[in-house]
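Once you have looked at the hints, place chain B on chain A.
2 protein chains.
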Amino acid sequence: MIKIAIFGFGAVGQGVAEVLLNKRDALRRLIGDFRVVAITDSKGGIADENGVDLLKALEIKRKRKRLPEGITTLDVINSLDFDVCIEATVTNIEHGEPGLTHIKECLKRGVDVITSNKGPLVVAYRELADLADRKDAKLMFEATVGGAMPIIKLVKNDLAGNEIYAIKGILNGTCNYILSRMEKEKLSYDQILAEAKELGIAEADPTYDVEGIDAAAKLVIIANSLMDMDVKFEDVERIGITNITPEAFEVAMDKGYTIRLIAEVDKVERILRVSPRLIPIQHPLAISGTLNAALIKTDLAGDIVVVGKGAGSKETASAIISDLIELYRC
Amino acid sequence: MIKIAIFGFGAVGQGVAEVLLNKRDALRRLIGDFRVVAITDSKGGIADENGVDLLKALEIKRKRKRLPEGITTLDVINSLDFDVCIEATVTNIEHGEPGLTHIKECLKRGVDVITSNKGPLVVAYRELADLADRKDAKLMFEATVGGAMPIIKLVKNDLAGNEIYAIKGILNGTCNYILSRMEKEKLSYDQILAEAKELGIAEADPTYDVEGIDAAAKLVIIANSLMDMDVKFEDVERIGITNITPEAFEVAMDKGYTIRLIAEVDKVERILRVSPRLIPIQHPLAISGTLNAALIKTDLAGDIVVVGKGAGSKETASAIISDLIELYRC
Chain A
1 MIKIAIFGFG AVGQGVAEVL LNKRDALRRL IGDFRVVAIT DSKGGIADEN GVDLLKALEI
61 KRKRKRLPEG ITTLDVINSL DFDVCIEATV TNIEHGEPGL THIKECLKRG VDVITSNKGP
121 LVVAYRELAD LADRKDAKLM FEATVGGAMP IIKLVKNDLA GNEIYAIKGI LNGTCNYILS
181 RMEKEKLSYD QILAEAKELG IAEADPTYDV EGIDAAAKLV IIANSLMDMD VKFEDVERIG
241 ITNITPEAFE VAMDKGYTIR LIAEVDKVER ILRVSPRLIP IQHPLAISGT LNAALIKTDL
301 AGDIVVVGKG AGSKETASAI ISDLIELYRC
Chain B
1 MIKIAIFGFG AVGQGVAEVL LNKRDALRRL IGDFRVVAIT DSKGGIADEN GVDLLKALEI
61 KRKRKRLPEG ITTLDVINSL DFDVCIEATV TNIEHGEPGL THIKECLKRG VDVITSNKGP
121 LVVAYRELAD LADRKDAKLM FEATVGGAMP IIKLVKNDLA GNEIYAIKGI LNGTCNYILS
181 RMEKEKLSYD QILAEAKELG IAEADPTYDV EGIDAAAKLV IIANSLMDMD VKFEDVERIG
241 ITNITPEAFE VAMDKGYTIR LIAEVDKVER ILRVSPRLIP IQHPLAISGT LNAALIKTDL
301 AGDIVVVGKG AGSKETASAI ISDLIELYRC
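Line by line, the protein sequences give chains A and B. Position 222 (the first sequence) corresponds to 222 in the numbering used here; numbering is contiguous. Position 230 (the second sequence) corresponds to 230 in the numbering used here; numbering is contiguous.
There's no promise every hint is true.
[As the list claims (entries may be wrong)] Quick list of the computed label-pair ranges, beta carbon to beta carbon:
{"hint": "1", "chain 1": "A", "residue 1": "247", "chain 2": "B", "residue 2": "188", "range": "30 to 36 Å"}
{"hint": "2", "chain 1": "A", "residue 1": "197", "chain 2": "B", "residue 2": "203", "range": "54 to 60 Å"}
{"hint": "3", "chain 1": "A", "residue 1": "51", "chain 2": "B", "residue 2": "299", "range": "23 to 29 Å"}
{"hint": "4", "chain 1": "A", "residue 1": "269", "chain 2": "B", "residue 2": "253", "range": "33 to 39 Å"}
{"hint": "5", "chain 1": "A", "residue 1": "51", "chain 2": "B", "residue 2": "327", "range": "56 to 62 Å"}
{"hint": "6", "chain 1": "A", "residue 1": "247", "chain 2": "B", "residue 2": "21", "range": "52 to 58 Å"}
{"hint": "7", "chain 1": "A", "residue 1": "253", "chain 2": "B", "residue 2": "327", "range": "45 to 51 Å"}
Derived by calculation from the structure, the hints in this document are not laboratory data. All figures in this text were calculated on a predicted structure; none of them were measured in a lab. Glycine included, C-beta positions come from ideal geometry on N, C-alpha and C.
Chain A with its partners taken away, still in its complex shape:
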């Protein structure tokens, strides 16, 4: 019996709960019996060693109510017996909290961790990976980069044995939406940003996305976890997309190029950078909409490209569930 705790019950946490509920039988065939013994968020939580009622927890959120107060994530970690936590609290890339403490405390107890939270990994990947090693616990984080687009396990497992020379990709769907719409509509950045906000693709304050901060955070995770580097967020050369004009697109398109925000780590060329780049219009990274994509340069396999949905509750849950199955497959 695998006992699961879910920390953070926003879109991602709820998405995971829905999959665990709706696919219970299929998942049991893959990983054996499991139950969720706790769900917490920043305001409260529910815990039951015999299994939390997922449907009821989801209902509470559907009615925009709160989980019961009086129980904290640290209470759960300190007092409940569970095998794996799904850490889906909000990302903070400056101090990594509250996820960083959750992850550390779980790993210290030998509890496996699956996280969708970039913050702790951006702040302390090496420390967390070492801690997991020492405690013989697993730290899984497919959901931190590219949503449903598999890149962590793809590189670690499917391309195992390859030397990874470089990874470059489109790691932020909001920027890609804005740029591909600017390409198509020949409108200004501000006009398209307004459209993106209306559609819920850009946040009211879009800084985190459009300044390349989100992409840079993911790039740090890629560099440290897939390319055996030890870089910090501050090491990333970073330019956002706010200054790109319709005229720039026009010049680019005339020559058969488009413009995309590319996150790029290259061991050979010593590049660690997020910046708008010219991309040939038929290049595999010249994708449109909110998709994410990555091009992985290797010694044996050559270049591999992967494209997928970079965000979304169900899509992020997909990445988390694949981590869960990797951990516990019968």
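Using the frame of chain A, we list chain B on its own:
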């Protein structure tokens, strides 16, 4: 100490031997100590329980000489102790031999199998998978589909937990080369085929590729192993590329489409087919050259696309090595 036997010492077998030799130290860190205890081909072989000299074996082939006569693959299976065979003999999709017997005999003895040989899987996937299960042996076959393009492990592991509705892809690099050249040069099929033969991209008798036989074989493997189906080669509706004219391309291109040979299995639409299809020019499957690509339709992750080199000695070795690491990672 992992003991490896290599059956088939053509381009793929030699590619694997080269990687095992050149990456020995890196691989040892991943899977622990290993040695190759036998290499055989259709004419002979070498075996040494203390480890075959890989450099010497490769030298023999480089000088276009033969491996010593007097030892057969079945001798090795019957008399030598080894943990895993790398089955890289020539594909025959009618009877699967000689690979089918090699794989069966290994699995029966509880020996793990990594194969690049499509034949045995096309002829008897279910039987082999069941045999492996019963004998608690592993059957790995990333190299049978798409060369270095990860698709088997990507779907089985990275997208685990997803329901796979459909997979469609470009699974034959020769056809894709011919079609993308026809698109670009506006020349006839025969003219481009002649070019492809000259470049070594098409065989003297190109039937196996251009009639869609190779793509259909791969599609059967995909359907049976990744989508839990039980289909035979004969079940694949199949049309090759030999009748495609420059005029067809012209009409397609006028409307923003190109033509590609698409292998497609769709559980919802009940499709199992290899045929030339119209593809929007900016579609992720509208790739050029000898690349392979696959689009995987899932319930949670949405659509995932992967693109990579579909053939080549080093590239196929990459897939085999990733299987080896999956089996024995420390």
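These are the hints, each one checked on the structure:
no., hint, in the structure
1, A:247 / B:188: 30 to 36 Å, "violated (43 Å)"
2, A:197 / B:203: 54 to 60 Å, "holds (56 Å)"
3, A:51 / B:299: 23 to 29 Å, "holds (25 Å)"
4, A:269 / B:253: 33 to 39 Å, "holds (36 Å)"
5, A:51 / B:327: 56 to 62 Å, "violated (35 Å)"
6, A:247 / B:21: 52 to 58 Å, "holds (55 Å)"
7, A:253 / B:327: 45 to 51 Å, "holds (48 Å)"
Comparing the model with each earlier hint shows violations of hints 1 and 5; every other hint is respected.
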